[in-house]
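Novice: Listed in order, the protein sequences are those of chains A and B.
Its first residue numbered 9, the first sequence is counted upward by one per residue in our numbering.
Its first residue numbered 51, the second sequence is counted upward by one per residue in our numbering.
This list has only true hints and no planted wrong ones.
Derived lysine-lysine pairs resembling DSS-like cross-links, with alpha carbons at most 25 Å apart:
no. : chain 1 : residue 1 : chain 2 : residue 2
1   : A       : Lys139    : B       : Lys389
2   : B       : Lys407    : A       : Lys80
3   : A       : Lys122    : B       : Lys393
4   : B       : Lys389    : B       : Lys377
5   : A       : Lys115    : B       : Lys389
6   : B       : Lys407    : A       : Lys122
7   : A       : Lys80     : B       : Lys395
8   : B       : Lys393    : A       : Lys115
9   : B       : Lys128    : A       : Lys115
10  : A       : Lys122    : B       : Lys152
11  : B       : Lys404    : A       : Lys139
12  : B       : Lys395    : A       : Lys139
Beta-carbon label-pair distances, calculated as ranges:
no. : chain 1 : residue 1 : chain 2 : residue 2 : range
13  : A       : Asp93     : B       : Gly374    : 31 to 39 Å
14  : A       : Pro107    : B       : Thr403    : 15 to 23 Å
15  : B       : Thr316    : A       : Val131    : 48 to 56 Å
16  : A       : Lys139    : B       : Ser291    : 39 to 47 Å
17  : A       : Pro77     : B       : Lys349    : 50 to 58 Å
18  : A       : Thr10     : B       : Asn194    : 39 to 47 Å
19  : A       : Lys139    : B       : Asp378    : 23 to 31 Å
Rather than coming from a laboratory, the hints here were simulated on the basis of the structure.
Keep in mind that this is a model prediction, so the values were computed, not measured.
Cβ coordinates follow ideal geometry from the N, Cα and C atoms, glycine included.
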Amino acid sequence: MTELSRIWRETEYRYNLIGFKCNNCGESYFPPRDICPHCHRESIGKMEKVKFSGNGEILSYTTVHDAPPAFKRQVPYLLALVKLDEGPVITAQIVDCDPDDVNIGKKVHMAFRKIREDGTNGVIEYGYKFKLD
Amino acid sequence: MLNVNFYICISAKPFMSGIVSYGSYIPYYRIKPEEIARIWGDEPERMKKNLFILSKSVPSPDEDVASISVEAARNALKRMDVNPEEIGAIYVGSESHPYAVKPTATIVAAAIGMPLEYFAADYEFACKAGTAGMQNVKAMVDSNFIKYGFAIGSDTSQGAPGDALEYTASAGGTAMLIGKNNTIAEINDTLSVSTDTPDFWRREGEPYPKHGERFTGEPGYFKHVIAASKAMMERMDTKSSDYDYVVFHQPNGKFPSRAAKILGFTEDQYKTGLLTPYIGNTYSGSMMTGLSAVLDESKPEDRILAVSFGSGAGSDAFDITVTGEMKDYKRDNAPTVKKLIEKVKFIDYGMYTKFRKIIVTGDSVE
Ligand SMILES: [Zn+2]
Numbered sequence: 009m010t011e012l013s014r015i016w017r018e019t020e021y022r023y024n025l026i027g028f029k030c031n032n033c034g035e036s037y038f039p040p041r042d043i044c045p046h047c048h049r050e051s052i053g054k055m056e057k058v059k060f061s062g063n064g065e066i067l068s069y070t071t072v073h074d075a076p077p078a079f080k081r082q083v084p085y086l087l088a089l090v091k092l093d094e095g096p097v098i099t100a101q102i103v104d105c106d107p108d109d110v111n112i113g114k115k116v117h118m119a120f121r122k123i124r125e126d127g128t129n130g131v132i133e134y135g136y137k138f139k140l141d
Numbered sequence: 051m052l053n054v055n056f057y058i059c060i061s062a063k064p065f066m067s068g069i070v071s072y073g074s075y076i077p078y079y080r081i082k083p084e085e086i087a088r089i090w091g092d093e094p095e096r097m098k099k100n101l102f103i104l105s106k107s108v109p110s111p112d113e114d115v116a117s118i119s120v121e122a123a124r125n126a127l128k129r130m131d132v133n134p135e136e137i138g139a140i141y142v143g144s145e146s147h148p149y150a151v152k153p154t155a156t157i158v159a160a161a162i163g164m165p166l167e168y169f170a171a172d173y174e175f176a177c178k179a180g181t182a183g184m185q186n187v188k189a190m191v192d193s194n195f196i197k198y199g200f201a202i203g204s205d206t207s208q209g210a211p212g213d214a215l216e217y218t219a220s221a222g223g224t225a226m227l228i229g230k231n232n233t234i235a236e237i238n239d240t241l242s243v244s245t246d247t248p249d250f251w252r253r254e255g256e257p258y259p260k261h262g263e264r265f266t267g268e269p270g271y272f273k274h275v276i277a278a279s280k281a282m283m284e285r286m287d288t289k290s291s292d293y294d295y296v297v298f299h300q301p302n303g304k305f306p307s308r309a310a311k312i313l314g315f316t317e318d319q320y321k322t323g324l325l326t327p328y329i330g331n332t333y334s335g336s337m338m339t340g341l342s343a344v345l346d347e348s349k350p351e352d353r354i355l356a357v358s359f360g361s362g363a364g365s366d367a368f369d370i371t372v373t374g375e376m377k378d379y380k381r382d383n384a385p386t387v388k389k390l391i392e393k394v395k396f397i398d399y400g401m402y403t404k405f406r407k408i409i410v411t412g413d414s415v416e
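Bound-form chain A, shown alone (with noise of 0.2 Å):
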């Protein structure tokens, strides 16, 4: 798959954090998987789409001070591992704040960011990045 349809196909989930929620035993995942990992076939036809609040907790945390050229104006960055409200973890960067108000519990929030953009002549892909509360 090239690059321009994986972010094609990825753009209704990375703009609205939509993933799935298994209606067999009530996990959501992000993003979105077509099988329950836990309940396999059992889960077949219960897998219903979700669109997460966008409201969570930070798991962890790192700052990134070693990145590759298109995250370089950014750094150093924050990236962690945040517990969304329905479940799922996921990670992201945590953007526009000061990195000595970060801690581990921190209620985070949904952004809309530029992820990457293919030089100036390419494709710029849009995602989810998350803010303190």
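Could you slot chain B with the ligand onto chain A? The hints should help.
Specialist: Frame of chain A; chain B with the ligand shown alone:
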């Protein structure tokens, strides 16, 4: 007024459409005029005084007109529970759209969950592209083409390094959701004035705008803002004292207060909507964000005159009355303009050049 080709577009008679919800977004970073003056050898006190500017907003490297517009539109939707499937149009006005070809409007529509069938386009008319969108959406609502529509004005404009514009060109945006149901503010009427004036322009492919120095003030800004304001007051049979608030396009802190005085408005009427001293000139977001700050504080029955200006040149005037719905409106579900101005981080000129991509980099930076 001057004896030139001067077109006043007559809008339809007042209907019951107006602002159903609104939301703004201003980036977190700021730079002070002292810091810009330090680099270019200007006298900081003179620049601050001449432009009446204390700081301007700077977008972070991962922000652009699309991300700012999405945040503004989402803030509007936090305050009013409108089903995105009922939003039939979206117009984004800007002079710094991320793509030359590929609409910002569809990115925003996708990010707020609008379905397949909606009207969309990006608008450009210097700093009044967002308010032109408001007029268009209002007309579509009034003619029952759509139930609700979004008009967004947003920019991440740049002034050429060393140019006076660098002190004010900033980033921010505001989204107005327009409809007929549950309006918090009726748009009683709107009109536009337009002329062909070379006051400010940017050619295709050029990174920075140019301005016809002697055209920016009198034949540009003041002529159009004042003509549109007067035409609106004539049409509505109002005088300056009939309005509780007035808000103008604000390329700097000076022009709007001068226009206000010429038209007989007092500081009490214009100070709430005057944001440029704190955030700079957000171009297409400028008047609309000023209006957002006014709506943040207004109460039922308040009357507002709002007039934008776009170089090239023209002005859009809006006569607005806040309705009783404002009492139940969930204003605090999204940050007010005051809140957006509160928590900021000041950066130096070096950081500013990195953020705004105005330093030449090698392979280690994309
Ligand atoms: Zn399951």
